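S.K.: Sequence:
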Amino acid sequence: MYANLLQGICLIIFEISIRHNYQYPKFQLIKYSETIVKIDLRMKMQEQENQPKEDNGAMTKLQDVFNLAHDQAHPDKIDAVIRANTRVSGTNMWVLMFAIAVASIGLNVNSTAVVIGAMLISPLMGPIVGMGYGLAVGDTALIRQAVRNIIIFVVISLITATLYFLLTPLKEAQSELLARTQPTLWDVLIAFFGGSAGIVALTRKEGGNAIPGVAIATALMPPLCTAGYGLAHGNWHYFLGASYLFAINCVFIAFSTLLFSKLLKLPRRGLVTESKRRLQSIIITAVVLAVMIPSGYMASGLVRQEIFNTRANAAIATVQQQEGFFVLRKMLNHRENKVGLIVNGTGNAEKISALLVKSLEASGVKAPKVNVVYAGGSGAKIEELLASQNNPVQQQNELKEQQAYIDTVLAGKASDIDDAAVLKELKAQYPEAEKIVVGRGLAWDKAQTTPVSEQSESQKNAEPKTDTYDDIVVVSLELEQPLPAKDHARIQAWLNQRYEGKVVRILLTHKSQTDKPSNE
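Using the numbering used here, the first residue of the sequence shown is number 365, and each one after it goes up by one.
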């Protein structure tokens with residue numbers, strides 16, 4: 365209202381001046397007109413702000429909450445930041461090499477914290493985002509620069525990681541490294557959502573803490589380090605699996621950047637003909653599908669594995685409750701529907717196998733194969749059971765733990781066999797013996813502790829120590845006649861040799877000691 369009134373007054377003054385032949389310079393008249401327009405616009409904006417906002421419902425409020433235009437930075441600033449991150453400079457190259465070295469060490473020693481630290485300092489994400497942004501705004505020069513820099517970064521990373529894994533004395537693949545060799549559809553989702561969060565944070569006036577989180581979530585560094593490990597050890601399974609994971613991350617971070625750059629309506633920076641734009645869309649679609657489809661197949665395998673594992677665990681729990689055995693280790697192979705168990709306790713292996721087959725078939729598993737081995741049985745059977753797992757990554761990841769546990773169980777059985785052999789040899793050496801006992805146990809000697817009355821003040825005030833016990837072997841022989849001292853020393857030396865590293869105690873008795881007359 366006020367703007368219209370002011371504009372009317374100005375027009376009246378202008379008309380009066382013309383009627384009275386007032387001469388105004390042309391530029392001054394233009395200036396007056398521009399001033400009137402600016403005042404008019406300013407007054408209209410003020411009126412709109414002063415008017416009460418209409419409540420258009422929950423949908424309008426929801427749109428306002430998710431509106432990305434509120435704190436979006438200026439397009440020129442966004443463009444400058446992305447271009448700066450895309451460039452390769454001396455600093456970025458050194459930082460990349462150091463980050464790859466740190467990540468390789470973290471994977472080598474199986475330290476998650478070290479790997480995360482390497483991901484935070486890596487400059488790898490810049491060219492990938494630059495490629496997606498260049499595709500969105502039609503900047504061919506930026507696309508070429510980004511692709512070239514990605515190739516340079518990848519080559520430098522592979523060389524650094526390969527050299528490290530060639531020189532390190534720690535050659536075995538750890539779980540952190542093995543986790544990067546079998547990408548699935550979930551890695552595609554992580555890369556896409558991580559890249560989406562990255563471009564949204566990058567286009568804000570203040571980036572916040574989302575960008576470091578994206579660097580950790582998408583994990584660009586570990587796959588390159590794992591590929592370097594595969595090259596260093598000639599393991600093409602590791603190299604190809606890790607390279608595929610890196611390709612997934614690159615493609616879907618760039619793809620999410622492309623989509624959100626278009627969604628945010630960032631201005632185009634280059635001229636692209638309609639035919640080239642159509643060809644570009646076809647190529648992008650083909651690359652996305654080519655990268656995603658294999659991961660979907662791997663993800664379906666993971667789902668099948670989880671379903672099989674769930675059914676197998678339920679069947680094992682049911683049969684275990686019926687038969688009363690307990691499971692030391694279990695090996696599940698969903699590809700061949702195999703269940704392998706190392707058990708102990710009560711029950712019969714054949715019966716347990718038959719019950720498991722029946723339970724698995726009832727749960728929907730087709731043609732299940734079950735192999736049950738008792739821990740006290742043949743070590744060769746246990747080794748064969750472990751070798752039946754045809755998943756190399758899972759086998760290497762769990763084999764050490766499984767083998768250590770089995771070795772512990774078998775050690776008890778092996779000690780029983782050693783004791784039986786010693787008993788037979790003693791019986792052959794001393795056929796006149798009435799009784800021979802070979803056993804194991806723990807021994808505690810009170811004489812090894814210092815009485816409180818004899819302790820010094822520092823000993824009295826010191827922290828109490830836990831009693832120590834010796835793991836000993838006790839050999840008892842009951843003979844007709846006392847054993848000569850030289851024979852006693854010979855038996856002691858022989859037993860020390862047989863039980864190397866153990867404390868051996870010999871108890872010798874003879875009938876003159878055991879058959880004492882009673883005093884009646």
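Among the hints, a few may not be true.
Unchecked claim - Below 30 Å or equal to it, Euclidean Cα-Cα: the simulated DSS-like pairs (lysine-lysine) are: (1) Lys-733 / Lys-702; (2) Lys-788 / Lys-850; (3) Lys-640 / Lys-694; (4) Lys-702 / Lys-791; (5) Lys-702 / Lys-441.
These are computed hints drawn from the structure, not numbers from a lab.
Keep in mind it's a predicted model, so treat the numbers as computed, not measured.
S.K.: Would you mind marking each hint as holding or not holding in the structure?
M.R.: Hints, one by one, checked against the model:
1. As the CA atoms of Lys-733 and Lys-702 are separated by approximately 5 Å, the hinted pair is consistent with the 30 Å bound.
2. With a C-alpha separation of about 21 Å, the suggested pair Lys-788 and Lys-850 falls inside the 30 Å cut-off, and the hint holds.
3. This hinted pair does not check out: Lys-640 and Lys-694 have alpha carbons roughly 57 Å apart, beyond 30 Å.
4. Of the pairs offered as hints, the one joining Lys-702 and Lys-791 is violated, with about 47 Å between alpha carbons and a cut-off of 30 Å exceeded.
5. Simply put, Lys-702 and Lys-441 have alpha-carbon atoms about 59 Å apart, too far for the 30 Å limit, and the pair is violated.
Hint violations for this structure: numbers 3, 4, 5, all remaining hints satisfied.
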